[in-house]
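Enquirer: Top to bottom, those sequences are chains A and B. Quick note, the first sequence lines up with residues 95 to 245 if you use the numbering used here. Quick note, the second sequence lines up with residues 30 to 430 if you use the numbering used here.
Hints were generated in silico from the structure; no laboratory data involved. The beta-carbon is built from N, C-alpha and C at its ideal position, and this holds for glycine as well. Check each hint, because a few of them may be wrong.
Unchecked claim - DEER-style ranges, computed between Cβ atoms:
(1) A/129 / B/304: 38 to 48 Å
(2) A/168 / B/397: 52 to 62 Å
(3) B/110 / A/232: 33 to 43 Å
(4) A/213 / B/110: 33 to 43 Å
(5) B/99 / A/232: 37 to 47 Å
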Amino acid sequence: MHVTFAGPTLPAVTDTSSPPGGGRIPVVDYLVLEGDPHLVAHACTGCGALYFDRRNACAKCGRTAFDRRPLATTGVLRSFTIVSRAAPGVPVPYVSAVVELEGGGVVKANLVDVEPDPAKIELNMPLSMTTFVCGTDEEGTDAVAFGFRPA
Amino acid sequence: MADTVWIIGASMTKFGRYPDKDTVDLASEAALAALEDAQSTIFDMQTLAVGCLVDAAAMLGQRLQKQIGQTGIPVYNVANACATGATAVRTALLAIKAGEADMALAVGVEQMGKMGLLGPAGQARAKPTGYTPSGRYGSVMPVEGILGTQLMPGVFAQAGMEYASHHDGVGFEQFAKVAEKNHAHSALNPLAQYQKVFSLEQVMGAEMVAYPNTLLMCCPTGDGAAAAVLCSDARLKTLDPDVRRRAVKISASVLTSDPYVESDTAQPDVSTLTKLAAAQAYEQAGVGPADLDLVELHDCFATAELIHYENLQLCEPGGAGDFIDRRAPWRDGTTPVNVSGGLISKGHPIGATGVANIYEVATHLRGEAGDRQIEGARVGLTHVIGLGSACGVHVLERAAA
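Same shape as in the complex, but just chain A:
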């Protein structure tokens, strides 16, 4: 049985050039916008475990030294859900996904450029990262987020 959804998805705008009067800022600090946008992780120098958050130590081995490691922009779809009931102001439905990146790293993001229909989304399908504007502040600065689209 297939369930289909009507309604808008979040825009997958990949034009992230600066608007007049403002700059752009990544929505989280593990997204790098300079050059080809990509994610960076803290990599434990002892065991290689990867993290996106500020670290006090490694949760896998306990060491306290980390390198900065750029992650791949391609991966596969490990899991997803289509959210129909969300906080006020969040357009629904949208697709939340867990993505396993090539070469290491697992991240949660929205699946974009895809119909929010379970019949149209295939688990384990190949994906590539993209970026989109997710808000603009009073100074005209664009906040930029990342998502994944079918490769």
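Assemble chain B onto chain A, guided by the hints.
Expert: Showing chain B alone in chain A's frame:
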């Protein structure tokens, strides 16, 4: 065994909405009923553990004492997300095992008001002034809905869909069948918040919350409490024969947290710590999953229950879809799961749940479960999991004849 701990009294309030009762009212109701069930009073208790989230930092244990009996005993106010109730029971048990108490009372309670399915995280976002990175991820705004969802229905949907990505024969229908079962089971439980039967079509056709979880596949918010009186083996031997006859043995009491896994960067892993807890519990109790007559597990969402069939070794690896398809976890199946109606239909006042499922299994083991009784029940398992994460598993057994 000399250091066995027993449950000699248990009670739960019917779960539901009680806007005129506070957490102390609900906790008192369950506590006094459990104490009476044990033919004891608060004045016999030597340790008190009270689990609650909404009042976690509000000295609820002491406020309960001020209503039902102030005796100066140690009070532990306990919080472990949805594993709070099991943690309260374990706290009481540890006091007895340490030799610091012969009788202890564990209470779990929650008064959730009308916080709604999404909780406090589901509030509207304020308008941005100037973006400033803050917090451990240097975020400039709440990322809920922008970088996926971290709300409960979606997190557990993604956990279920991850299982589906590894195994054939698991999809929307299998997850929906879990909810169909639990709603049907609840019709026999007068203590359940909801007692309505729904067809599979109605479950799948209900309002979608986070695919594949429809509204009828999500547990409700609600209010309620449950309590258990625990007793040492040495003390039990001195008690009334009727209390001894109805005593339920705690064969295993386990608490785990989530070990490091690579995918923690995306969302909590609810399977690894559950597998760990189950393995420890079976080892401690000296029983296996095939010995279980009933299981009360943590079906916060239908997708969660399905993956726990495998996590708790109730089915073969990869076999959870087949397990529900052949109706094995129905009350007339080989391993009845959530005959109470589960969290989905019985309800989930968060702090109460981990004690309420112990009440449920104990009641069946005592042969006192009325219309929903699993005949001849001798061994049962309870499971709760709180995101963050904590997993509490208990194995209970009927006293030897």
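Enquirer: Hints first: check each against the structure and report whether it holds.
Expert: A quick look at each hint next to the structure:
Hint check: residue 129 of chain A to residue 304 of chain B, Cβ distance near 42 Å, so the stated range 38 to 48 Å holds. Take residue 168 of chain A and residue 397 of chain B: their Cβ atoms lie about 59 Å apart, and the range 52 to 62 Å holds. Hint check: residue 110 of chain B to residue 232 of chain A, Cβ distance near 37 Å, so the stated range 33 to 43 Å holds. Residue 213 of chain A and residue 110 of chain B have their C-beta atoms about 35 Å apart, which keeps the hinted 33 to 43 Å range intact.
For residue 99 of chain B and residue 232 of chain A, the hinted distance range of 37 to 47 Å is not satisfied, since their beta carbons lie about 56 Å from each other.
This entry does not satisfy hint 5, going by the numbered hints stated previously; all others are met.
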